Amino acid sequence: MTSTTKAAGRPVRRRKMRRLTGRDKLVLGLLVGIPLVIHLALVWFPALASVFLSFTNWDGIGLNTIHGAGLSQYEQAFTNDPSFWPAVTNNVLWLVFLLALPTPFGIFLAYQLDKNIRFSRFYQTAIFLPMVISLAVVGFIWQIFYQPDYGLLNSLLGTNNPNGTYLDWLGDPKLNLGAVLVAAGWRHTAYIMILYLAGLKSFDPSLREAAAIDGANERQTFFRITFPSLRPVNVIILVVTVLEGLRAFDLVYVMGGNTGSKQGLELLSILITNNIVGESGKVGYGSALAVILLIVSLVVIIPYLVQNFRKEQR
Amino acid sequence: MTAQAPAKRVRTAVTAPRPVHKARRKVKPARVLLHVFLSVTALVWLIPLLWAVYTSLRPYEETASRGFLTFPKAITGENYVNAWQQAEFPHYFWNSILITVPAVLLTLFFAAGIAFFVTRFSFRFNLALLMLFTAGNLLPPQALITPLFQLYLKLPLPAWMSDSGLFYNSAWGVIAIHVAFQCGFCTFVLSNYMRTIPHEITEAALVDGAPVWRQFFQIILPLCRPAFAALATLESIWIYNDFFWALVLFQTGSKRPITSAIANLSGEFFTNPNLVAAGALMTAIPTLILYFLLQKQFVAGLTLGSSKG
Numbered sequence: 011m012t013s014t015t016k017a018a019g020r021p022v023r024r025r026k027m028r029r030l031t032g033r034d035k036l037v038l039g040l041l042v043g044i045p046l047v048i049h050l051a052l053v054w055f056p057a058l059a060s061v062f063l064s065f066t067n068w069d070g071i072g073l074n075t076i077h078g079a080g081l082s083q084y085e086q087a088f089t090n091d092p093s094f095w096p097a098v099t100n101n102v103l104w105l106v107f108l109l110a111l112p113t114p115f116g117i118f119l120a121y122q123l124d125k126n127i128r129f130s131r132f133y134q135t136a137i138f139l140p141m142v143i144s145l146a147v148v149g150f151i152w153q154i155f156y157q158p159d160y161g162l163l164n165s166l167l168g169t170n171n172p173n174g175t176y177l178d179w180l181g182d183p184k185l186n187l188g189a190v191l192v193a194a195g196w197r198h199t200a201y202i203m204i205l206y207l208a209g210l211k212s213f214d215p216s217l218r219e220a221a222a223i224d225g226a227n228e229r230q231t232f233f234r235i236t237f238p239s240l241r242p243v244n245v246i247i248l249v250v251t252v253l254e255g256l257r258a259f260d261l262v263y264v265m266g267g268n269t270g271s272k273q274g275l276e277l278l279s280i281l282i283t284n285n286i287v288g289e290s291g292k293v294g295y296g297s298a299l300a301v302i303l304l305i306v307s308l309v310v311i312i313p314y315l316v317q318n319f320r321k322e323q324r
Numbered sequence: 021m022t023a024q025a026p027a028k029r030v031r032t033a034v035t036a037p038r039p040v041h042k043a044r045r046k047v048k049p050a051r052v053l054l055h056v057f058l059s060v061t062a063l064v065w066l067i068p069l070l071w072a073v074y075t076s077l078r079p080y081e082e083t084a085s086r087g088f089l090t091f092p093k094a095i096t097g098e099n100y101v102n103a104w105q106q107a108e109f110p111h112y113f114w115n116s117i118l119i120t121v122p123a124v125l126l127t128l129f130f131a132a133g134i135a136f137f138v139t140r141f142s143f144r145f146n147l148a149l150l151m152l153f154t155a156g157n158l159l160p161p162q163a164l165i166t167p168l169f170q171l172y173l174k175l176p177l178p179a180w181m182s183d184s185g186l187f188y189n190s191a192w193g194v195i196a197i198h199v200a201f202q203c204g205f206c207t208f209v210l211s212n213y214m215r216t217i218p219h220e221i222t223e224a225a226l227v228d229g230a231p232v233w234r235q236f237f238q239i240i241l242p243l244c245r246p247a248f249a250a251l252a253t254l255e256s257i258w259i260y261n262d263f264f265w266a267l268v269l270f271q272t273g274s275k276r277p278i279t280s281a282i283a284n285l286s287g288e289f290f291t292n293p294n295l296v297a298a299g300a301l302m303t304a305i306p307t308l309i310l311y312f313l314l315q316k317q318f319v320a321g322l323t324l325g326s327s328k329g
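Going line by line, the protein sequences match chains A and B.
Sequence positions in the first sequence follow our numbering and run 11 to 324.
Sequence positions in the second sequence follow our numbering and run 21 to 329.
Simulated from the structure, these hints should not be mistaken for laboratory data.
All figures in this text were calculated on a predicted structure; none of them were measured in a lab.
Certain hints may be false.
What the hints assert, rightly or not - Pairs of lysine-lysine residues, derived as BS3-like cross-links and limited to a Cα-Cα distance of at most 27 Å, are as follows: (1) A/LYS184 / A/LYS272; (2) A/LYS125 / B/LYS48; (3) B/LYS93 / A/LYS125; (4) B/LYS93 / A/LYS211; (5) A/LYS211 / B/LYS174; (6) A/LYS211 / A/LYS125.
Stated by the list, open to error - Calculated Cβ distances over 10 Å to all of chain A for the following chain B residues: (7) LEU66; (8) ALA94; (9) GLU98; (10) ARG245.
Cβ coordinates follow ideal geometry from the N, Cα and C atoms, glycine included.
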């Protein structure tokens with residue numbers, strides 16, 4: 011349908027273009043120009059500047075102090091910075107965890123909630139609440155939950171005895187990443203559930219019924235019929251999950267005690283932020299870390315958009 | 021493809037009863053099991069939240085002496101009153117409003133402008149433009165923050181706009197970065213939406229000699245009202261919930277909106293967990309109200325951008 015209107019519409023639109031007055035062109039120019047300038051200046055310019063600055067050792071003070079430093083900033087990250095590899099490992103763990111547990115669970119919940127059951131709305135609202143609350147508040151809520159002396163978890167487990175077992179969930183470097191991941195998963199499940207639920211609503215139920223008539227059980231129906239036919243939603247969920255894994259910051263910042271850096275909770279995003287907020291003024295080094303984050307994100311974003319918009323063009 | 025966005029919205033918003041399923045059936049054990057599973061999940065999901073609410077409603081003296089996992093003798097709102105007064109909540113809420121309202125309005129306006137351009141005027145670069153904005157929106161903020169921070173320290177603003185004289189440490193700077201970032205998502209959604217508006221409508225206006233600005237303001241914008249409602253709800257919650265930009269781009273805590281301010285406040289004023297709980301929950305109340313009032317809009321906005329295709 012789109013292609014026919016487009017083919018027929020093209021000459022019409024050409025004519026229209028010529029009919030635009032000077033004032034019309036000015037209006038259009040401003041409508042697009044202003045946001046484009048803001049977007050380019052505040053998003054893409056810094057992104058490209060990160061790449062450039064990562065090859066310098068700029069201290070951020072005057073523009074004339076930008077000196078080339080070759081690959082030394084990257085070398086510093088790979089070989090010298092004791093928190094770099096833990097941060098990479100934690101980012102990978104974060105991603106693997108989100109993909110392995112909350113994502114499938116969110117899909118599973120969506121599939122169950124789509125069965126036209128009673129109280130579906132209530133279940134959805136309850137599970138979705140974490141998505142409405144800011145990550146910072148989520149961090150505080152879980153901090154209260156994990157608080158070693160009087161938090162719910164330790165009170166129930168009896169692990170709040172300073173003379174016996176005492177589990178400091180957010181302080182102990184062996185425990186804290188897991189504890190934060192539970193909070194992240196809590197929220198991520200809600201996100202995936204609502205995205206998938208919307209996808210399922212667009213899924214033709216007669217396909218499922220046909221499969222049921224053919225004697226397929228529920229599991230077969232899901233894996234062979236529903237899941238493959240929701241490929242666009244699956245791709246979106248994958249992209250969202252990867253990006254969430256890379257963007258993770260707020261939760262760790264708050265649950266790590268608002269200092270931004272805690273052993274066991276290193277993340278690339280946290281290291282970058284520490285580099286700019288601290289007085290060290292290591293712009294070059296912060297940029298090198300940012301470039302690593304940027305490259306990994308673009309590896310996910312570009313194929314997704316190309317695929318998405320190519321479909322649109324057809 | 022063409023009529024997709026509105027059609028999907030309707031289907032998402034209304035839990036469409038499917039006639040085949042609707043037929044009354046006997047209660048199957050599988051159904052009961054499903055309900056048990058879903059109620060348990062919902063309850064487990066609510067526990068951390070309920071625990072925070074419970075903590076916030078009990079006086080500190082009582083929980084300190086008797087422990088937290090006890091049956092309450094007293095339920096009180098005093099933690100909320102204390103948090104509200106000690107931490108100057110009204111001040112921080114006001115900061116949040118000062119940032120969120122202009123940022124949402126500007127984002128929607130600019131995004132509508134680009135979407136209008138991209139969908140109504142077939143220029144060569146419209147696809148590239150859409151991809152640029154959408155890709156920008158998906159970048160992790162931390163990948164840009166280092167140069168952006170330096171840029172904000174060097175970009176001047178007139179003194180009447182910012183007492184630092186810079187983008188840094190100014191609400192304008194934070195509004196600008198929100199607009200720059202969120203435009204991507206809104207443009208994406210709005211252009212999908214505007215594509216469903218038939219070209220005949222604007223062509224008719226053109227024949228009547230209506231200039232472009234009237235087509236935009238008087239024809240296209242009013243027709244996009246449903247999409248605006250959904251996006252405004254979603255963006256208000258997102259921008260209000262922002263933690264990172266306001267944390268980094270404000271130097272002084274007193275200028276920060278409430279969501280990033282609580283990080284400081286929790287150390288300074290909230291000396292016990294009951295107060296922390298009350299403070300954190302109060303921060304979440306505006307978003308919860310908005311969500312409960314406009315639940316359909318929120319979910320529609322979230323899925324509008326993603327459920328296409």
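Quick rundown of the hints versus the structure:
1. For a cut-off of 27 Å, the pair hint linking A/LYS184 to A/LYS272 stands: about 12 Å separates their Cα positions.
2. The hinted pair formed by A/LYS125 and B/LYS48 meets the criterion: a straight-line CA distance of about 13 Å does not exceed 27 Å.
3. Of the supplied pair hints, the one linking B/LYS93 and A/LYS125 is violated, its CA atoms being roughly 43 Å apart against a limit of 27 Å.
4. The hinted pair formed by B/LYS93 and A/LYS211 fails the criterion: a straight-line CA distance of about 47 Å is larger than 27 Å.
5. Note on A/LYS211 and B/LYS174: the hinted pairing is violated, with a Cα-Cα distance of about 49 Å set against a maximum of 27 Å.
6. At roughly 10 Å between alpha-carbon atoms, A/LYS211 and A/LYS125 fall within 27 Å of each other, so this suggested pair holds.
7. With 10 Å as the threshold on Cβ separation, the claim that B/LEU66 sits away from chain A is violated: the shortest Cβ distance comes to roughly 5 Å.
8. At roughly 17 Å, the least C-beta separation between B/ALA94 and chain A is larger than 10 Å, which holds for a residue marked as non-interface.
9. With a minimum CB-CB distance of about 17 Å to chain A, B/GLU98 clears the 10 Å threshold, and the non-interface call stands.
10. A cut-off of 10 Å between C-beta atoms confirms that B/ARG245 is not in contact with chain A; the least separation is 19 Å.
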